[in-house]
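Undergrad: Each chain, letter by letter, is given below.
2 protein chains.
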Amino acid sequence: MNKVMVETSARHVHLCEKDIDVLFGKGHKLTLKKELSQPGEFASEERVDVVGPKKDIKSVIVLGPPRKATQVEISLTDARTLGINAPVRESGKTSGTPGCKLIGPAGEVEIKEGVIAAKRHVHLRPQDAEKIGVEDQQIVKVKVKSDERTTIFDDVVIRVKDTFMPAMHIDTDEGNACAANGNVEGEIIV
Amino acid sequence: MNKVMVETSARHVHLCEKDIDVLFGKGHKLTLKKELSQPGEFASEERVDVVGPKKDIKSVIVLGPPRKATQVEISLTDARTLGINAPVRESGKTSGTPGCKLIGPAGEVEIKEGVIAAKRHVHLRPQDAEKIGVEDQQIVKVKVKSDERTTIFDDVVIRVKDTFMPAMHIDTDEGNACAANGNVEGEIIV
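For the record, the sequence lines run as chains Z and W.
Position one of the first sequence corresponds to residue 1 (the working numbering), numbered consecutively onward.
Position one of the second sequence corresponds to residue 1 (the working numbering), numbered consecutively onward.
No lab work stands behind these hints: they were computed from the structure.
Any given hint could turn out to be false.
Which copy is meant is left open, so a pair is good if it fits within one copy or across any two.
What the hints assert, rightly or not - Simulated crosslink set (DSSO-like; lysine-lysine; CA at most 27 Å straight-line):
{"id": "1", "residue 1": "Lys93", "residue 2": "Lys145"}
{"id": "2", "residue 1": "Lys34", "residue 2": "Lys68"}
{"id": "3", "residue 1": "Lys33", "residue 2": "Lys54"}
{"id": "4", "residue 1": "Lys101", "residue 2": "Lys55"}
{"id": "5", "residue 1": "Lys26", "residue 2": "Lys101"}
{"id": "6", "residue 1": "Lys143", "residue 2": "Lys119"}
{"id": "7", "residue 1": "Lys58", "residue 2": "Lys18"}
{"id": "8", "residue 1": "Lys58", "residue 2": "Lys101"}
{"id": "9", "residue 1": "Lys54", "residue 2": "Lys34"}
{"id": "10", "residue 1": "Lys112", "residue 2": "Lys34"}
{"id": "11", "residue 1": "Lys3", "residue 2": "Lys141"}
Just chain Z, with the same shape it has in the complex (with noise of 0.2 Å):
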């Protein structure tokens, strides 16, 4: 059996440094509040109002360290919250993707894109993909059970490198969707 830790991605924002600077105040480093099953990805204790054509989403978590482009992480309940159109995207494909305004305590920003909806995907080492028998991009089914929501995932996203930790990624609604609770493993089914 081919089992993956499951874990569920509350809304958050990915900052460049330039955005950080317009947001927080110039050469503003992240907190460190949580570090994330991701080495090197945290939690910090920023956060940013996200303001849609329709309403805003306050207080959205920043998580570090600061990326190349910024990009805006909701559920599709979010995005109807907010008015957004957001596509479902791989992390770091926005070219396309809607943007929206971010407020920070020291000043806001207007992003052109890369508010997105995440693609689920699993977070695999090079020597779990080949146990396994997937490899980088492929797509794959992932069975979640539960007491009254057993899902069976397909159009998942397998992602290798050798600095990942295994795990899959769903947003909320997604999580709600196969009443996800606590410390849930996955099936990969491939």
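Using the hints provided, position chain W relative to the given structure of chain Z.
TA: Showing chain W alone in chain Z's frame:
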């Protein structure tokens, strides 16, 4: 192929006559706004605020006709927003579920129980059920295809009644998890 129309149900409230009296005034009748797919069921013009210990959700649609017991059907995203630990339940099976406060233009009621996340289900007529080879209360899988989030929902309850129209009902979390937009079909897998 056992195809069925898939409809996403947004959060809504069913009210008993007694609670309609309190919330909208003695003898008030719900006003039909739009008929729903199930014969006799309708979206009304009436709205109530749902009040949880953490937050409120304003202006939640009331569905008619009145029911024997008041029931609040929310997504698990909503449940988190409200701060109510709503279980996944079939409609009507609300014994031991949490309550909440409802506020209408004429008054407010505190319901002792009835806040649920609806268990995903398929409405069928006896002739549909026979053709597909399923029976009332049977658990099946339903596959919903989409460009980026094809999903196979397990734990789907079959409900059979003469007066039903064939349709699968999922909530907004589930609709977003499979990126169901517009007219969506599911394939019942027995």
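Undergrad: Run every hint past the structure and note whether it holds.
TA: Status of the hints after comparison with the structure:
1. Proximity of Lys93 to Lys145 under the C-alpha cut-off of 27 Å is restricted to the inter-copy arrangement: shortest distance 22 Å between copies versus 30 Å within a copy.
2. Proximity of Lys34 to Lys68 under the C-alpha cut-off of 27 Å is restricted to the intra-copy arrangement: shortest distance 21 Å within a copy versus 48 Å between copies.
3. With identical chains, the CA atoms of Lys33 and Lys54 are at most 27 Å apart between copies only, with a shortest distance of 24 Å across copies and 31 Å within one.
4. Both within a single protomer and between protomers do Lys101 and Lys55 lie at most 27 Å apart by alpha-carbon distance, with minima of 11 Å and 25 Å respectively.
5. With identical chains, the CA atoms of Lys26 and Lys101 are at most 27 Å apart within one copy only, with a shortest distance of 19 Å there and 47 Å across copies.
6. In this assembly of identical chains, Lys143 and Lys119 lie within 27 Å of each other by CA distance both inside one copy and across copies; the values are 16 Å within and 18 Å between.
7. Proximity of Lys58 and Lys18 under a CA criterion of 27 Å is satisfied intra-copy only: 21 Å inside one chain copy versus 38 Å between copies.
8. For the homomeric pair Lys58 and Lys101, the shortest alpha-carbon distances inside one copy (12 Å) and between copies (25 Å) are both at most 27 Å.
9. In this assembly of identical chains, the alpha carbons of Lys54 and Lys34 lie at most 27 Å apart only when taken from different copies (24 Å versus 32 Å within one copy).
10. Proximity of Lys112 and Lys34 under a CA criterion of 27 Å is satisfied in neither setting, with 29 Å inside one chain copy and 38 Å between copies.
11. Taking the closest pair of Cα atoms, Lys3 and Lys141 come within 27 Å of each other both inside a single copy (12 Å) and across two copies (21 Å).
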